[in-house]
Amino acid sequence: MSKRRNWFCGSEEHRISRRSFLSTAAATAGSMSALNLLREPTLAEELKKQDKRVILLWLAGGASQLETWDPKPGSLTGGPFAAIPTSVPGIHISELMPKMARRMEDTAIIRSLNTKDGSHGGGARLMHLGRRDEASVTFPDMGAVLARELGNIDSRVPDNVSFYTATEGRGNAIGQAGFLGARYLPMSLTTNSKPDDLARLESISDLDHRQRHDLRELLSKRFIEYRHSSSLRSHNEAYSRVRGLMSSDKLFDISEEPQSIRDRYGPSLFAEQCLIARRLVEAGTPFVKVSRAWWDSHGQNFETHLELVSELDHVMSTLLDDLKQRGLLENTMVITLAEFERTPKINASLGRDHFASAWSCSLSGCGINGGMVYGATDEDGQTVKDGEIDAGDLFATIYQALGIDPHTEYYVGSRPIPLVHEDASAVKEVIA
Amino acid sequence: MALARPCALLMRLLFSTLTITFFVSNGTSATHGSELLPEDRSIAEVVDHYISARLKKYEIEASPPANDANVLRRTTLDLVGRIPTSSETASYLADTDEFKRQNLIDRLIGSPAFVRHQVNEFDALLMPYDKNSLREYLLPAFTENRPWDQMFQEMMLGREDDPEQKGALQFVKSRVGDIDRLTNDVSVTFFGVNVSCAQCHDHPDVFEWSQDRFYGMKSFFNRTFENGGFIGERDYGLVSYQTTDGETREAQLMFLTGKVLKEPEVAEPDDEAKKEEKKTLEALKKKKQAPPTPSFSRREQLVEIALKSSENNYFAKAIVNRVWNRFFGYGLVMPLDQMHPANESSHPELLEWLSRDLVQHNYDLTRLVRGIVSSEAYCRSSNWTGDSRPDPDMFAVGSVRPLTPFQYATLLRVATANPDSFGDDQKTEDVQSRLASLENAARGFAREIEHPGAEFQVGVAEALLFSNNERVRNELLRESNDTLIGKLKKIDDVNELISVATLSIWNRLPEPEEKAALVAYLQNRSDRRDEAIVQMVWAMLTSSECRFNY
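These protein sequences, in sequence, are chains A and B.
Each residue of the first sequence is one higher than the last, beginning at 1 in the working numbering.
Each residue of the second sequence is one higher than the last, beginning at 433 in the working numbering.
To be clear, the hints were calculated from the coordinates, so they are not data collected in a lab.
These figures come from a predicted structure and were not determined experimentally.
No residue lacks a Cβ here, since even glycine has one placed at the ideal position from N, Cα and C.
Treat the hints loosely; a few may be bogus.
What the simulated footprint calls covered on chain B by chain A, stretch by stretch (three residues with Cβ under 8 Å from a Cβ of chain A suffice, anywhere in the stretch; the number is not a length) [claimed, not checked]: (1) 808-816; (2) 882-889; (3) 975-982.
Computed far set for chain B versus chain A, every beta-carbon distance over 10 Å [as the list claims (entries may be wrong)]: (4) 931; (5) 932; (6) 945.
Listed below are several chain B residues computed to face chain A (Cβ distance under 10 Å; list not exhaustive) [to be verified]: (7) 554; (8) 877; (9) 972.
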């Protein structure tokens with residue numbers, strides 16, 4: 001039998017034959033409910049009640065697995081940093097992460113990603129979409145999928161927020177809603193930590209601003225009464241969210257936080273944006289991506305990592321503590337991920353180059369079986385020797401851990417498109 | 433499938449001549465067991481005949497014709513990409529000529545704005561999500577109403593040394609880095625067939641979608657490459673692929689219909705020859721010259737077979753279906769890229785007739801557009817007051833379509849300009865050039881708006897932009913002599929003020945309830961009348977009526 005690869009084909013006939021094939025297997029696979037894009041699915045509604053959230057820490061440019069989650073001290077490729085034991089017996093991580101080492105209980109490390117694409121652009125697309133591009137289907141990225149699956153249609157807070165204030169690699173870290181539609185595009189913050197167009201202009205009073213929205217709605221209501229189209233509906237939904245979203249303005253303002261909390265996170269931009277991310281998920285935003293650039297250490301890899309990993313260690317551990325103390329970690333998953341990571345081989349400039357064949361990421365919190373390592377690389381870290389997974393498998397794992405069946409299908413027109421490519425399967429060991 | 437077979441056979445008969453511009457139909461064009469209407473009927477008549485026949489069959493009563501103001505707005509947006517001015521609206525409403533709609537269509541199609549709008553629409557079709565544009569090529573092509581088959585030929589084969597055709601190659605050039613994408617984009621755009629799934633496996637039900645079709649199509653492009661910004665084509669190179677059973681096969685030069693083309697046998701050059709070739713190409717790159725033309729061009733073969741259409745006229749049907757979709761918001765075959773025998777058209781005879789007509793009339797797209805918008809079906813009201821709304825493929829109700837970025841941005845400019853500048857007392861040329869410059873000025877704003885794809889959803893970013901961005905306030909809600917706001921503030925009589933506003937923005941007079949609501953809005957804010965006018969205009973500009981073509 002060939003592997004299931006026919007997920008793309010979508011003639012009506014195919015859909016029917018495929019679905020009848022599935023229905024014969026439906027007794028066991030009862031999860032194949034169709035997600036019609038234009039209808040609010042019941043399944044997703046149930047999930048939303050559980051208030052699940054994701055914060056993605058995007059290590060743009062490619063952090064080094066050897067200086068973070070998969071150290072190889074003493075080997076030819078190991079570099080100068082040692083490995084230290086963690087609070088979970090048997091798990092060692094880089095000595096650059098002492099704070100995370102004391103908090104391994106909630107975190108699972110995956111050391112066996114083989115994603116094959118060592119280019120910044122291609123790798124970043126792959127690790128945002130969880131799959132390769134296909135001609136003529138524009139897939140949604142993880143943020144858009146989660147905004148749709150976990151968000152509320154009339155939410156007063158933004159449901160997909162993306163921070164990327166550095167310029168290096170920003171163009172690669174796509175925000176793409178694809179066939180889900182612009183409704184799920186991220187609110188994108190690239191110049192500062194406050195979104196555009198969220199605050200009222202001074203030239204209009206709050207009263208007039210509100211009342212003109214009411215007038216707009218009244219006029220539109222007359223128009224749509226006997227007319228029908230899904231994009232017509234989305235137009236009015238978008239406007240009806242404006243006032244609510246404007247009131248979330250304060251979520252982006254960390255001066256609202258007690259000084260003690262701000263001090264704990266620290267003064268870096270990455271830290272501040274992680275604090276905003278916590279404010280957002282606390283208020284109900286389902287997906288926040290905080291990008292930290294630039295990890296592309298072709299030269300001076302060890303200096304770069306000494307600085308960046310130390311910051312990551314501090315900010316990530318503070319974020320996990322903060323979420324935990326607020327009872328949010330149970331419902332919030334924190335992911336560290338990059339487009340690829342770095343070659344075990346140390347080059348002549350004491351750097352490490354692009355490497356997508358055997359690298360690591362971490363998952364913490366919601367739905368995750370913490371305190372464990374999944375997969376392993378060989379002694380030099382050149383290849384995956386155990387538990388190899390690809391981007392699709394990782395995405396399937398993330399979705400499954402959040403309670404979303406990764407093989408649920410979207411229907412784009414009549415084409416069935418599952419959340420992850422059909423060969424992908426979730427890593428059960430990682431899921432709580 | 434049983435029905436599709438005779439259809440394919442018929443097409444084989446119909447298109448068996450080599451010529452692409454001419455063939456003789458003997459009136460026995462039976463398809464699906466019935467005869468096609470004669471070819472001398474008008475397009476509009478034929479459209480209405482087949483649409484009505486299906487409505488009758490399903491016992492559906494179509495919605496009534498839209499009113500004059502609605503028809504004027506829809507037609508103007510569709511043909512020239514903007515809304516009518518208040519002066520055009522007033523004169524159309526006052527016109528009593530029984531041929532006024534036909535005159536309107538003639539006037540719009542005859543204007544330079546029609547060409548510009550065609551260019552916008554086709555650029556979006558050919559270069560979606562692409563920073564590159566085909567505008568430079570499309571503008572002269574649509575100005576002279578170049579036949580679509582010729583445009584296809586130029587886009588595939590444009591000669592680098594011909595300044596008029598050079599720009600046409602942009603279609604290939606911007607995709608040449610990814611031959612799979614080039615293959616699929618050509619198949620989808622020009623033939624309405626999405627073969628990409630056949631990359632991995634044969635389609636289980638649709639015999640047309642097999643792996644050998646995809647790799648056969650890919651073979652037309654696999655020798656195409658870029659050298660220093662020029663497109664070239666090699667004389668050698670084969671496509672091989674792995675079947676789902678793991679067998680490695682060499683692809684044949686095969687068109688979507690399964691037709692295999694013969695080609696001269698070529699031997700793969702040895703390393704020495706390849707080295708030599710590389711050297712030559714490097715030298716040409718330095719001299720900024722195009723690579724030599726191949727002795728046998730596979731791309732040329734594609735154009736020939738596609739236009740010969742001896743097996744099926746995918747090429748003509750695909751463009752008819754796209755153009756239809758543009759004016760009705762729903763294709764005769766849906767989805768647009770799934771034109772294969774197992775996915776029947778809602779109106780097969782109509783699609784057949786329109787394709788035949790297009791081929792017979794030299795692939796004249798303007799003729800097709802004119803015919804479609806002249807039909808009664810095109811003019812139905814988009815209001816449905818009945819119980820159950822008919823399926824969109826019945827074309828019983830006017831569609832509601834989101835405006836393209838160009839249309840919405842231009843609408844905003846035209847609506848917020850001082851209506852006096854388009855008045856009857858102005859010279860026609862002046863009005864035309866004013867409208868053209870507003871259209872130009874709209875380009876900046878258009879970039880802020882998402883291009884609507886299938887199942888388009890308006891994002892919250894758009895609503896936030898219009899609610900809180902300075903640009904909206906400064907560019908659209910500005911007060912000066914040349915703006916609508918400037919004009920409105922000078923009108924004392926509230927009834928007149930509202931009429932001027934609705935005519936300019938909605939291209940119609942207000943209904944009594946609307947008028948009452950707007951009067952109340954202004955009167956409640958008489959302490960800040962100027963500000964109230966600005967906010968009323970904002971609410972009208974952002975209303976759904978303004979954002980959609982209905």
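These are the hints, each one checked on the structure:
1. Coverage of a stretch by a chain is defined here by at least three residues with a beta carbon nearer than 8 Å to that chain's beta carbons; for the stretch 808-816 of chain B and chain A the count is 3, and the condition holds.
2. Figure legend: the stretch 882-889 of chain B, annotated as covered by chain A; annotation consistent (7 residues with Cβ-Cβ distances under 8 Å, at least 3 required).
3. Interface restraint, the stretch 975-982 of chain B with chain A: holds (6 residues with C-beta to C-beta distance below 8 Å; minimum three).
4. Annotated as non-interface, residue 931 of chain B keeps its C-beta farther than 10 Å from every C-beta of chain A; the closest such distance is 16 Å.
5. Distance check on residue 932 of chain B: its Cβ is at least 17 Å (rounded) from any Cβ of chain A, clearing the 10 Å threshold; non-interface status holds.
6. Consistency note on residue 945 of chain B: stated as away from chain A, yet its beta-carbon is not over 10 Å from all of that chain's, at 7 Å minimum.
7. Annotation: residue 554 of chain B was flagged as interfacial toward chain A, and the flag is violated, the nearest CB pair being 18 Å apart, outside 10 Å.
8. This hint is violated: residue 877 of chain B has a C-beta 14 Å from the nearest C-beta of chain A, more than the 10 Å allowed.
9. Annotation: residue 972 of chain B was flagged as interfacial toward chain A, and the flag holds, the nearest CB pair being 7 Å apart, inside 10 Å.
The structure fails hints 6, 7, 8 (numbered hints given earlier, in ascending order).
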